[in-house]
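Based on these hints, arrange chain B on the given structure of chain L.
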Amino acid sequence: MKAADQPRGITWRRFRRSPIATAAVVYVIAIALIAVLAPVVAPYPPDVIDLAARLTPPGKAHLLGTDDVGRDVLSRMIHGSRVSLIVGLSATLLSLIVGSTLGAIAGYYGSVADWVVSRLIEVVLCFPFLFLVLGIVALFRPSLWTIMIALGLTSWTTEARFVRAEFLRIRELEYAQAARASGGGDARIIFRHLLPNALSPVLVASSFGVASAIMTESALSFLGLGVALPTASWGSILSVAYEYIQFAWWLALFPGLAIFFTVAAFNLIGDRLRDVLDPRAD
Amino acid sequence: MYAYVIRRLLYAILTFFGITVVTFALIHSVPGDPVSFFTGAAGMNVSGPALEAIRHEYHLDRPLREQYFHWLRGVVTLDFGRSMVDRRPVSTWIFERLPRTLMLSGIAFVLAAAIGIPIGLWSGAHSNRLLDRGSSIVFFLLYSLPTFWVALLLADLFSVRLGVLPLFGMSSDGYSELSLGGRIVDRTRYLILPVLTLTIGQIAIFARFSRSALSEVIRQDFILTARAKGVGEGALVWRHAGRNTLLPLITLLGLTIPYLLSGSLIVEAIFQWPGIGLLYFDSIWARDYPTIMGLTVVSAVLTLLASLIADILYAAADPRVRFEAGKR
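Just so you know, the protein sequences line up as chains L and B, in that order. Per the numbering used here, the first sequence starts with residue 1, numbered consecutively. Per the numbering used here, the second sequence starts with residue 1001, numbered consecutively.
Incorrect hints may have been included.
Some chain B residues well away from chain L (every beta-carbon gap over 12 Å; in silico) [as the list claims (entries may be wrong)]: (1) R1055; (2) E1066; (3) R1087; (4) P1118; (5) E1177; (6) V1185; (7) I1223; (8) D1318.
Output of the computed footprint for chain L on chain B, the stretches with three or more beta carbons under 8 Å from beta carbons of chain L [stated by the list, open to error]: (9) 1026-1036; (10) 1139-1145; (11) 1149-1163; (12) 1280-1288.
Bear in mind the hints are in silico, worked out from the structure with no lab data behind them. Idealized CB from N, CA, C, for every residue including glycine.
Pulled out of the complex, with its shape left as it was, chain L reads as follows:
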């Protein structure tokens, strides 16, 4: 049975049968709350410099230690969660819009439209993802916006392929034909009738997409091409860790764990969604 036929409650009940995926959801909600409430929950402001306390190991005053200019690592991580989530969600939203539009056009109209979109996907897939993203971000000057746009414009291919395949399957089903027979225009059929029913594979792809976007954003920040300093992000704390690798293990450990857990949570949610929503796929 397809997910679209099921009431939402059943999907969620089946989802919950996996304790690890449920834990991942709880973790993501917790991180989102922390990001929203960052100024309230962070023990220190994120960019207050205290040279007397530079490179302090984790202890009572600074739970996760301080960085090279004495800023509190925990507070910077709490504020950094905002960057990760904003970039992850908005880049995925953009690739969702681009990908499902192109995928829908290809799958609905077929023939020439399908051919053109499929060739475009082939071309984009040839570029090593990070080469493209790094190039765009660096040449157009690194900022939150450039990163979001670069990620969104390079990672829409998965969504496009999923939506295209789903459209090819459902466009000949009875309800689509009925909509066409009763005189519905193309746009109406695509957006009102077909797209809502093609959303479950897109949901799965988006969950993996958020994971990949968060990972890539932190890699860019680590390489010095991320959100401009002094804005804290998990990747930029790690790039400080790289310089002080001999002295400060806590700088490398905690932000890395934050990235790892968050990326893993979105990946595990995506995996579970795929099991729950689409039993045909592995």
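What follows is chain B alone, placed relative to chain L:
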């Protein structure tokens, strides 16, 4: 078969043009022109006439369409122009650096396949639920490890704390005076950390892919027949299903190349391994646009060639693929 290969080749040529158009369009949509952003990045103060001379040398005073065809003619003959940093031909740079990246990612590819495929087949074969779910979660965790973080931790442990492996570079001082054996040992010591980092990221991909390929095969009728005949579970998996599982793995060759190149970008930047990843990284900072364009095209074409070879091998190995493609 020939029809399939020819069609696949024609598509590849088309994709190649697509790659060059995207690369060219991307670079030329950057605000300002390449020369001014290069001189800006290098902090040079260049006078108007000198700028014009550089623009002329790089054909930037020509209409865009003419520039594209000039550049394309170069790309086809492997001439990507000269680097703006040191005026060496970009192709010399690339062909000096490419073998080092291929060495790094080639070793990681083989290691990851050798470790990942058996693990994937094993977990797919033991599809008693708990174990299978468990291993799938472990694969996802491995897959979620940020490459640069793994590199950082490995460098911290083996180079800084234990002091047994070099932190960065490709060879020690006095490498050229070493004997052949000494050179191999020296190079290996420098290879271990970057290769290990890349391999860890790849294992999960191979394991997941072979696990799902096996579960696809194991549902088919001939497996049921073999089981009905009384073939034991071990022989069933390894002899009957295993071979058919390895076929789709050929396509991984094309799929993992871009992933490996992306990974080598991070790993080479961290370990200062002088391959094309580090070259790309340095050219980005220097805004050396002929090198950026050359490398972008070369890396995309490498992917294109790998997936072309993989598709043809796959079709040669499995007649169903040619048949399915012919029907469309």
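We went through each hint and held it up to the structure:
1. R1055: Correct as stated: the minimum Cβ-Cβ distance to chain L is 18 Å, above 12 Å.
2. E1066: With a cut-off of 12 Å, E1066 of chain B remains clear of chain L, as the shortest Cβ separation is near 22 Å.
3. R1087: R1087 of chain B is indeed farther than 12 Å from all Cβ atoms of chain L, at 21 Å.
4. P1118: holds (19 Å)
5. E1177: Since the minimum Cβ distance to chain L is about 30 Å, E1177 of chain B lies beyond 12 Å and the statement holds.
6. V1185: The claim holds: V1185 of chain B sits with its nearest Cβ about 25 Å from chain L, beyond 12 Å.
7. I1223: holds (16 Å)
8. D1318: About 19 Å separates D1318 of chain B from the closest Cβ of chain L, which puts it past 12 Å; holds.
9. 1026-1036: With 4 residues in contact (Cβ-Cβ under 8 Å with chain L), the coverage given for the segment 1026-1036 of chain B holds.
10. 1139-1145: holds (count 5)
11. 1149-1163: Holds: 6 residues of the segment 1149-1163 of chain B have a Cβ under 8 Å from chain L.
12. 1280-1288: This one holds; 5 residues, not fewer than the three required, reach chain L with a Cβ under 8 Å.
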